[in-house]
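J.: Here is what each chain is made of, one letter per residue.
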Amino acid sequence: MAGINHAPPPFFKQGPAPLALLIFYIAISLALFVVDLRFRSLELLRQSVALIIDPVQRVAQTPGSLVDHAATYLQGLHNLQQENSQLKHAQLNTAPNLQRLAQLEAENERLRKLLSVNEREKANGQVTQILYTARDPFSRKVIVDKGQQSGIVAGQPAIDETGVVGQVTRVFPFSAEITLITDKDQAVPVQIVRSGQRSVVFGLGNGQLELRYMPANADVQVGDILVTSGLDGVYLPGFPVAKVVNIERDSAYSFARIFCVPVAGVENFGEIMVLNPRQPLPEAPPESVGRGSDSGEKNGQRPKKKRAAKGN
Amino acid sequence: MQPTFSSSRILQPVRPWFIFFSLIMAALLNFLPTAQWVGMPDWVALVLCFWSVREFRRVGMGWAFMLGLLMDVADGSVLGQHCFAYVLLAYVSAALSRRFLWFPLAQQALQVMPLLLATQVVQVLMRMAVGAEFPGWDFFIGPFIATLLWIPATFILLLPQYRPEEQDPDRPI
Numbered sequence: 284m285a286g287i288n289h290a291p292p293p294f295f296k297q298g299p300a301p302l303a304l305l306i307f308y309i310a311i312s313l314a315l316f317v318v319d320l321r322f323r324s325l326e327l328l329r330q331s332v333a334l335i336i337d338p339v340q341r342v343a344q345t346p347g348s349l350v351d352h353a354a355t356y357l358q359g360l361h362n363l364q365q366e367n368s369q370l371k372h373a374q375l376n377t378a379p380n381l382q383r384l385a386q387l388e389a390e391n392e393r394l395r396k397l398l399s400v401n402e403r404e405k406a407n408g409q410v411t412q413i414l415y416t417a418r419d420p421f422s423r424k425v426i427v428d429k430g431q432q433s434g435i436v437a438g439q440p441a442i443d444e445t446g447v448v449g450q451v452t453r454v455f456p457f458s459a460e461i462t463l464i465t466d467k468d469q470a471v472p473v474q475i476v477r478s479g480q481r482s483v484v485f486g487l488g489n490g491q492l493e494l495r496y497m498p499a500n501a502d503v504q505v506g507d508i509l510v511t512s513g514l515d516g517v518y519l520p521g522f523p524v525a526k527v528v529n530i531e532r533d534s535a536y537s538f539a540r541i542f543c544v545p546v547a548g549v550e551n552f553g554e555i556m557v558l559n560p561r562q563p564l565p566e567a568p569p570e571s572v573g574r575g576s577d578s579g580e581k582n583g584q585r586p587k588k589k590r591a592a593k594g595n
Numbered sequence: 015m016q017p018t019f020s021s022s023r024i025l026q027p028v029r030p031w032f033i034f035f036s037l038i039m040a041a042l043l044n045f046l047p048t049a050q051w052v053g054m055p056d057w058v059a060l061v062l063c064f065w066s067v068r069e070f071r072r073v074g075m076g077w078a079f080m081l082g083l084l085m086d087v088a089d090g091s092v093l094g095q096h097c098f099a100y101v102l103l104a105y106v107s108a109a110l111s112r113r114f115l116w117f118p119l120a121q122q123a124l125q126v127m128p129l130l131l132a133t134q135v136v137q138v139l140m141r142m143a144v145g146a147e148f149p150g151w152d153f154f155i156g157p158f159i160a161t162l163l164w165i166p167a168t169f170i171l172l173l174p175q176y177r178p179e180e181q182d183p184d185r186p187i
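Sequence order for the protein chains is A and B. The first sequence begins at 284 in the numbering used here and counts up one residue at a time. The second sequence begins at 15 in the numbering used here and counts up one residue at a time.
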């Protein structure tokens, strides 16, 4: 420590002592850490820094995308023809359902009107390209190539061709951060297709998901498909989320441990679709006062569920 | 300054733009998709540590803080996480720089290893303190690879400062 710690002669101007500087910077770092984690009020700072480093990041992504392009270019005519015929085949297979879809939707709308039930929301969105996976090993996030300039806002759900991928959590001027459903802090309200039971599925951080707080005797089987229930006002109902792969029922605990894997290629690279934000749900009716312990319990549950649904 | 303590060659003074350039290149290396690979070193930490040892009057904690902020935003981690680790790294390597430079390169690398490892450990501790999962032991391979890279990094980063071998005898140095 002899190098810089002893007091400098007064005729050399060196600025504040290193220890003072260290304490100063560490205090700022810790303040940033706490404020960003607890209050999330530093998005403007994040956005401005992101704007500065955006060109550097794009440059850094070029070699990777060049290799990708070269690979597809060299893949050859034969492969492409094969893929083309496969796709045509698949299209033909789904044609009977698709062709009647328009008619079915119209019929559904008419019937809903007859029953005076609200119309289903249509799913629209914009296709984005995944730029890269965020390097942070503690979370599961990807960065896509559209942001504020394309009108993306935080909270929008993202899907790929098979199911839900995640949710937009931060928006930068030219890119957006999508937290995958496998992230530890992410939760999706779901419904079991077979039984219609509602629950919330949580990310585990290791590529799997867990269906928590289901009673040990709950009607869940391996192979059950979970779809979004739409109760959160974020995800539209009916998108596949996960598939149950393992159930541990231990009589010592009141809850079963139910593990699922995501249906979508959550950890893969490629293109994903960011769905437009949903229309706001109607206001929840006010809680009636003085209904005893039952209402108290409900009161306690509601904000918790809302927070879980919002995820980050 | 000499490249190593036993060398008789005297280096030219460092050019500030080269320090800036090397730090930006390190950030670029960190942004590459290869950063996802297991055992990839944190290039910014390595280059920052190098300049903090060599030129602690030019590259100090202010630089470390700004680079930390940059990496926090780029990684999507919590703001302040890299800042804290890098500021600490810059301080300790500057404080120990006189000692480091008295060792041959291989032993320098050995002494730098704990610093680089501490940079990762500090980040893990910070995140685990606020509820993140342990990211796995392969998160700690990077610093060891970075230690091996200390010798080539010293060579490359000092290249612009070498003088030509054949010197004009009339020159004073």
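I should point out that these hints are in silico values taken from the structure, not numbers from a laboratory. None of these values were measured; they are calculated from a predicted model. Beta carbons are placed, not taken as given, at the ideal position from N, Cα and C, and that holds for glycine. A few of these clues could be false.
[Said to hold, decoys possible] Okay, the calculated bits of chain A under chain B, using three or more residues with CB under 8 angstroms as the criterion:
id: 1; segment: 418–427
id: 2; segment: 433–442
id: 3; segment: 524–531
[Unchecked claim] Across the chosen pairs, the derived CB separations fall in these ranges:
id: 4; chain 1: A; residue 1: Asn-529; chain 2: B; residue 2: Val-52; range: 23 to 31 angstroms
id: 5; chain 1: B; residue 1: Gln-121; chain 2: A; residue 2: Val-544; range: 36 to 44 angstroms
id: 6; chain 1: A; residue 1: Gln-330; chain 2: B; residue 2: Met-142; range: 24 to 32 angstroms
id: 7; chain 1: B; residue 1: Gly-76; chain 2: A; residue 2: Val-528; range: 26 to 34 angstroms
id: 8; chain 1: B; residue 1: Gln-121; chain 2: A; residue 2: Gln-365; range: 53 to 61 angstroms
J.: Does each hint fit the structure? Answer for all of them.
T.: Verification of the hints:
Check result for the segment 418–427 of chain A against chain B: holds, 7 residues qualifying (beta carbon to beta carbon below 8 angstroms, three or more required). Here's how the segment 433–442 of chain A fares: 0 of its residues keep a CB closer than 8 angstroms to some CB of chain B, so the rule of at least three is not met and the hint is violated. Restraint check on the segment 524–531 of chain A versus chain B: 0 residues with Cβ-Cβ distances below 8 angstroms, three needed, restraint violated. The beta-carbon spacing between A:Asn-529 and B:Val-52, approximately 26 angstroms, falls within the hinted interval of 23 to 31 angstroms.
Here the CB-CB span from B:Gln-121 to A:Val-544 is close to 49 angstroms, at odds with the stated 36 to 44 angstroms. Under the hint 24 to 32 angstroms, the C-beta atoms of A:Gln-330 and B:Met-142, about 28 angstroms apart, fit the expected range. Range check, B:Gly-76 to A:Val-528: Cβ separation about 50 angstroms, and the 26 to 34 angstroms hint is violated. Hint check: B:Gln-121 to A:Gln-365, Cβ distance near 59 angstroms, so the stated range 53 to 61 angstroms holds.
In this structure, the earlier hints numbered 2, 3, 5, 7 are contradicted, and the remaining ones agree with it.
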